[in-house]
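First to last, the protein sequences are chains A and B.
First residue of the first sequence? That's 728 in this note's numbering, and the numbers climb one at a time after it.
First residue of the second sequence? That's 796 in this note's numbering, and the numbers climb one at a time after it.
The set of hints was computed from the structure by calculation and includes no laboratory data.
Be aware that one or more of the hints could be misleading.
[Said to hold, decoys possible] Computed cross-link-like contacts, DSS-like style, restricted to lysine-lysine with a CA-CA straight-line distance of at most 30 Å:
1. B/K948 x A/K810
2. A/K768 x B/K948
3. A/K929 x A/K741
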Amino acid sequence: MQFSLGPVLYFWPKAQILQFYREVAASDIDIVYLGETVCSKRRELKFEDYFALAQMLRDAGKQVCLSSMTLYEAPGELRELRKYVDNGEFLIEANDVGAISMLQDQGLPFVAGAAINCYNQHALRRLVSMGLTRWVVPVELSGQWLCDVLSQSIISDIRDCFSTEVFALGHLPLAWSGRCFTARSENRSKDQCELCCIKYPKGREVTSQDGSQVFVLNGIQTQSGYRYNLVNQLSAMQGLVDIVRLSPQQTGTFDWLAKFKANVDGKAPQQLGNSDSNGYWLNLAGMATG
Amino acid sequence: MELLCPAGSMPALKAAIEHGADAVYIGLKDDTNARHFAGLNFDEARLKDAACFVHQHGKKLHVAINTFAHPNNYQRWQYAVDMAANAGADVLILADIAVLAYAAQRYPKLERHLSVQASATNAAAINFYRQFDISRVVLPRVLSMQQVRALAKSCDIDLEVFAFGSLCIMAEGRCYLSSYMTGQSPNTAGACSPAAFVNWQDNNGTLESRLNGILIDRFAPNETAGYPTLCKGRFNVGNDTYHALEEPTSLNTLDLLPQLYAEGIKSLKIEGRQRSPAYVAQITKVWRAAIDAVLSAPDHFCVKPQWQQVLAALSEGSQTTLGAYHRKWK
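Based on the provided sequences and hints, a complete structural model is requested.
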């Protein structure tokens, strides 16, 4: 079982991102995803900066993958995507089928991110034939669903062609919109957002009128109110999940990496907090804890 | 420019055809479509009746099979395709690449439209789906008019847009909010904010709506209480309580009709398979008149006040919006 760090989902200042990746380089994480996946207006780091970071992390012994955006709406955004596709060195995580289309045209392998709708063995087989080498399972699917897909006979002859990855720590990316909810929360229009996401390095919490954590606003992305946390499910993932993904947190990311690594065999379980959930993996509502 | 109307039952289908729809879209009575609600949709016999009725009137029948197939029940989605093809459907509306591939291989001559649930918002994504020989793309409701225009100019494929009805504010097919709260999502169960999880409670005159126990909204006695669709509730952010994601409102693009026509948009889709035959009849009538007006004199089109009155009265919260088509919405 390997561990990966997903892309930073929030809009952090450049200095904070560079500092974070210096720590990543020194950590014992196996795989690192880099790139802006939420909003094309977030340009603290440009393609060249991510590329330089990718080289630095590779030199530090990490497997590096460049993550692309989830919601492409404008031709200019596709031109930016093209730069990632043509980078020449690093594997790409596609989070929109548009990226898969470009990668397939170039004959390049790809990681299918969690927002690619692959729900069954036939879709998976088709994506493998297009170049999928790693499948990040859609966040709403359970361990049982994953098991059901992988145990179909139609998959057996290609099971060695791809690895599986599961989002296991962090607020879950659940939706993407044409609207920017962070700008809306400040009474700004999206066009005049003034990049206000930078003020919210953990996103903006949304609670119900009686105080439950419901969602987290992260620009055009809506995340789960609770932090998803599968630290106690790792032993059940053996044989099903090759890579366990932690989503970068503002603080404590590497402490959690240590806790996950210590509990791979279930020998060092963690007490989940009131704001943690693990429902999706257990075939419950995502916000539930089982 | 086609007027494509929803039908969740035979009476609604007849209402749509009799009031001027060029085509009607329906779903089967199971979780193979994104409006999987109790008491709604068509079984095999009704599907044949629907195809017959529509064809007798020289119109077209589209069948939505637009959820994502489950690993242990893939045959149900295949069977849905077979059933629609055998009943004489003119078009299949599909989202799952496995189902698209099956339909393209098994029924190459049966027209395939890419469902909004496939979430194709850009030219590269549309390109991806061309391998399944689709003839039309239904665009998600997250694009601005400017972005729709750019797609219409750059993509050599028919485009269909949502013209009226409930407004999804998230890129369809990639929204998991409903399963986060209830375990059931449009992708996996064909339902958003399912009714089985809804609870209403009256607290001294204040009405509270909950979804699987989560408080979605509170209504004062003088407020109209709307269905607790989870993205349309009032929540707290910072010190404010407001519709953090979206107000309860309906999409209405009547004002954009000449622009949509000028861009060569092939079809206008009316949302609402869950609505009554009377609703379908009234909406269809208005949109038939509006489309006829734009077809006969595109440069002199103006929206009639009585059309807007009818549509506003049939809208969520009696409010309508241009949604994402209008940049200021964002």
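Honestly, which of those hints from before does the structure not fit? As far as the earlier hints go, not one is violated by this structure.
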